[in-house]
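Visitor: Dock chain to chain to rebuild the complex, using the hints, since each chain is given by itself in its own frame.
Residue strings, one per chain:
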Amino acid sequence: MSQLDWIVLLLSLVSIAGYGIYKSRGQKNMETYLKGDHSIPWFMVGLSIMATQASAITFLSAPGQAYTDGMRFVQYYFGLPIAMVVLSIFFLPIYHKLNVYTAYEFLESRFDQKTRVFTSLLFLTQRGLASGLTLYAPSLILSALLGWNIYYTNLFIGGIVIIYTVVGGSKAVSYTHLQQMTIIFIGMFLAGFMIVKLLPDNMGFTDAIKMGGKLGKMNVIDLTFDWNNKYNLWSGIIGGFFLALSYFGTDQSQVSRYISAKDLRQSRLGLIMNGFVKVPMQFLILLIGVLLFVFYQFKQAPVFFNNNETTKLENSIYKEEWKQIQEKNNTLFEQKKQDATLLQTSLKQGNEDAANQATAAINSLEKEQQALRKAATDLMKKNDPKAEINDTNYIFLRFVIDYLPHGLIGLLIAVIFAASMQSKSAELNALASCSIVDIYKRSFKKDGSEAHYLLASKISTALWGCYAIFVAMFANKLGSLIEAVNVLGSLFYGTILGIFLVAFFFKKLVGSSTFYAAVIAEIIVLLLYFYSDISFLWFNLVGSVLVIGFSFLIQLVLPKNNHAN
Amino acid sequence: MVQNNNYEANKKDADGFKNLYYLVLAFLLLQIIMYYVLTQSLK
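Chains as they are written, first to last, in the numbering used here: chain C, 1 to 565; chain X, 1001 to 1043.
Chain X with its partners taken away, still in its complex shape (with noise of 0.2 Å):
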């Protein structure tokens, strides 16, 4: 049971980390989309 409740735990944790993962590379796509617009709109 406390086996059960640890990978439980764990995957959860995995989830939460894997979100945060595809969270930091979206924001950075989002920053070079962002900085490409930026460089053209003030040439």
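With the rest of the complex left out, here is chain C (with noise of 0.2 Å):
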């Protein structure tokens, strides 16, 4: 990184943070800090959304997925439109009437307290893990493309966040949110215009589409069903419409994005916005994977993108090997070019056959490529056994650090730390708000003054801050456990949407037939993630099915003076 990539950096940082506590000064009370004080407009309240789904991982991983398996994974997001139409018809102006900090405060109402702590608790315990590992998952890349240590990163990133976080509260959280995604949206449309501009002199955008759809990455359809394919257009409809509805309807850091609007009108403005803008916006984020593909047909990519790694195996027993992985990579890219370049004439001139050969030739040499990148991470695996073979976060990075021009590098690492930022910083605010109004006030201190718990809010709000870097500064020690995490994440979702979903639509049914519905539920979840191959996705809608199914069989057999809630 150059002087000028450090000033644009540090300055995009400096006024995130800066305008945040500017626009939020002067909180009096819990309510105003942990839900706003009703002021945010709909498009406000859209952004924020957006900015708290999307991390840094989402810009890091999107275009790498979509060089390695194509476009398909936007399908993913299908099911998410018709979640916000849902979320807005039914479950907003329960929410609004309500007038709830948490999303759980309403299964109080509905239910019972043990339900609403449990699914609290639940909440807390899965979001504070999770946001350690959105804090430690682009510290780790930008420590392995930049060599910055970890451990500083992570408390850079983290302390931003808590400062802002903790002086402005929900507001704060919002008004940076408006400036993270016009960084993040600048610094990702700039990204895929270099990597056109970079592009052989006769290619253009048009015929880099082209091309990659001929070598197979422009498939963002899939017709085909499966249950063992997470991405196919059933699987992103359906099982993408009961994520959306679990994550964005019952998850409190996005529940509390929408409840800071100013009315229910301005709320459901912005969950419709959220419909309208986030296909369409990660289409594009994948096609930037495809730009690059493209790109790298033309340009010599490195067999493996995570120099860690290589530079691991350069100064170990193999690097004997490693260099032959290396020389062979290269003779295959010069004849890749070659073919390359014939297609991209071929394409232009309209000859379907040469095209078609080209095409053959690319994709068979394509597989010999895929032969040595796995030779080379065999070999990383047989000199390091904890090496991680899984490349597709660094490849983006990889190629805004080797091609992009001073002064957008710096513009693009700042993407990756506002997005960090800004999924963190809504995590903060809803752990805060879980914390004290479902835990705190409801069952430790229900008599304290507003400054009590403006103040309570606040150090909730700092401590969580501090458990995620905690949790960042561990997780590397705690290996595959990170995986377990996340699968942690939809193995539940399913269960607590069910629970939702019971009480919003089946009003007869009560709290204990739900509670046991839902145990039960999850047993059968969790068998069927140890015991079957049926992808993550599908889980939502079990999950929720189950619960409601059980609900009804439950209440059948249960005595009738136990029908009343």
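It should be emphasised that the hints constitute simulated quantities derived from the structure, not laboratory data.
The beta carbon of each residue, even a glycine, is placed where N, CA and C say it ideally should be.
Errors might be hidden in some of the hints.
Quick list of in silico lysine to any residue cross-link-like pairs, SDA-like style, CA-CA up to 20 Å [unchecked claim]: (1) X:Lys1043 to C:Ala354; (2) X:Lys1043 to C:Leu332; (3) X:Lys1043 to C:Gly204; (4) X:Lys1018 to C:Phe276; (5) X:Lys1043 to C:Thr206; (6) X:Lys1043 to C:Asn232; (7) C:Lys97 to X:Phe1017; (8) C:Lys262 to X:Ala1014.
Partial selection, computed: residues in chain X whose CB lies under 10 Å from chain C [to be verified]: (9) Leu1020; (10) Leu1025; (11) Gln1031; (12) Tyr1035; (13) Leu1038; (14) Ser1041.
Guide: Below you can see the structure in the form of structure tokens.
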């Protein structure tokens, strides 16, 4: 990183934090601190919802995903607009009518205190751990590619977020989201623009997309139905719908974003805005990955994008084998480049036969390169059994560092920081809300003053921030647990959504039957996870349906005196 | 009279949102069709 990059990066970060603190100064009570002063307009609610969902990994991993697997990942978002409509019609009016701080507060008014506290604790455990990992993941990538100290990076990002979230609360989160998303949009647009600019002279955007299509990367829609296939139209619409419904409807980090709006109307407009913008936005981010793939047909791509791992090989007893792999890769690239040029010319001339021949040649060379990559990752594992052999998240940032001009590198690093900070700040605000409103105020101190609860909320935000940094510091010691935590989220979302669906739509079902149904549903989902190959996206649907079904069955056998809420 | 006005305003608002919901879903359908055509034509 040059001096210019550092200036751009630091200016971006200081302006985000400064603006957030300035716009949210003078918080006087817990309500305005945790929910804002109901002054947030709909477009900021919409941006804030998108910002909370989009962490640093979204922007690092999506282009890498399209680079390796094509555009089909976008189908994962097809259920989201439908979920936004359902939330606007059914969930939002109730949250606004009850004027809740947290989504779980509603569960007490519908069922009982134990259900509220239990669900809230589930959220705190899961989100608390996840918030550490959203901090750790970008730090790990930045440390690998730029050689930064991972602990200082964690402290730096976490420290800034703690400062402005503790000082400004919910309002600071919303205002900083506006700035963070602006930086992200500008940065990602410029990155896409630069890739097209760096393509061979006679190649434009449309040519690159055509070439990406020929090489199988424009596989946006997959109509085949397969329970085990994560990304097809059906799992995207149905599974994605239930995932989005549970995440946006029952996860406090999202609920706190839209209940901070001026009124019900503004909340609805914010959600609908998300429904309009999310799919095209993800499409464009993924498209950067396809452009990157085409770019690397003409420029030598590294065998492996994470230099941390390749440097380890260079200094190991396997350095000769590694050198041979690289040399073979160079030869394959030179051949592939010729075929890619041929494909480009054939596509321009409309010569279908020649284009098909060139495509077949490129695909066959690509297979050989994949075999070389496999050999390289096997070597990495042999050298260090703990080596990280998935480099999808490193592809985009490696390109940024290797090919983009100074200044823009700083801006793209700022994009990663901004994305990490935006999801983290919303999480901290939500964790503090649940801790204070659902647990502390409900069960420990019911008669405190406004000043007391405001101070408690600030302390809680700071403590959750420190906890996240603490988890991030020890995340590398958790090893495969990181993956387990991510899976845990998807395993519980379905059941939580089921409880909320019963609460909203089945008025005759009572707390006890729903509670036992949720326990049984959760056990079945866990059994399915361990003993079947069903993709995790379906667990949201399965969990919800099971909770509803079992609630009815249990209510039938439950003694009559348990039927009153 | 005031109640009547509120009722009219709420109804107008609800109708406006109903149209927005249809619009979101229609936009999603349009995108899926467009992406499908794109997938087939760029194969």
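Visitor: Each hint needs a verdict: does it hold in this structure or not?
Guide: Going through the hints against the structure:
1. With a C-alpha separation of about 15 Å, the suggested pairing of Lys1043 (chain X) with Ala354 (chain C) holds against the 20 Å cut-off.
2. A threshold of 20 Å between alpha carbons decides the hint, and for Lys1043 (chain X) with Leu332 (chain C) the separation of about 24 Å lies outside it, so the pair is violated.
3. Straight-line distance between C-alpha atoms of Lys1043 (chain X) and Gly204 (chain C) comes to about 19 Å, which keeps the hinted pair within the 20 Å bound.
4. Proposed proximity of Lys1018 (chain X) and Phe276 (chain C) is supported: the alpha carbons are some 15 Å apart, at most 20 Å.
5. Distance restraint check for Lys1043 (chain X) and Thr206 (chain C): the Cα-Cα separation of roughly 14 Å lies within the 20 Å cut-off, and the hinted pair is therefore satisfied.
6. The hinted pair formed by Lys1043 (chain X) and Asn232 (chain C) meets the criterion: a straight-line CA distance of about 17 Å does not exceed 20 Å.
7. For the suggested pair Lys97 (chain C) and Phe1017 (chain X), the alpha carbons sit about 18 Å apart, so the restraint of at most 20 Å is met.
8. Distance restraint check for Lys262 (chain C) and Ala1014 (chain X): the Cα-Cα separation of roughly 17 Å lies within the 20 Å cut-off, and the hinted pair is therefore satisfied.
9. For Leu1020 (chain X), the suggested interface contact is upheld, since its CB lies about 5 Å from the closest CB of chain C, less than 10 Å.
10. For Leu1025 (chain X), the interface hint holds, the least distance from its beta-carbon to any beta-carbon of chain C being 7 Å, beneath 10 Å.
11. With 10 Å as the threshold, the beta carbon of Gln1031 (chain X) comes within range of chain C, its nearest partner Cβ sitting at about 6 Å, so the hint holds.
12. This hint holds: Tyr1035 (chain X) has a C-beta 4 Å from the nearest C-beta of chain C, less than the 10 Å allowed.
13. For the restraint placing Leu1038 (chain X) at the interface with chain C, the shortest Cβ-Cβ distance is roughly 6 Å, inside the 10 Å limit, so the hint holds.
14. At a threshold of 10 Å, the smallest CB-CB gap from Ser1041 (chain X) to chain C is about 8 Å, leaving the interface hint in force.
The structure is inconsistent with hint 2 alone, although it conforms to all the rest.
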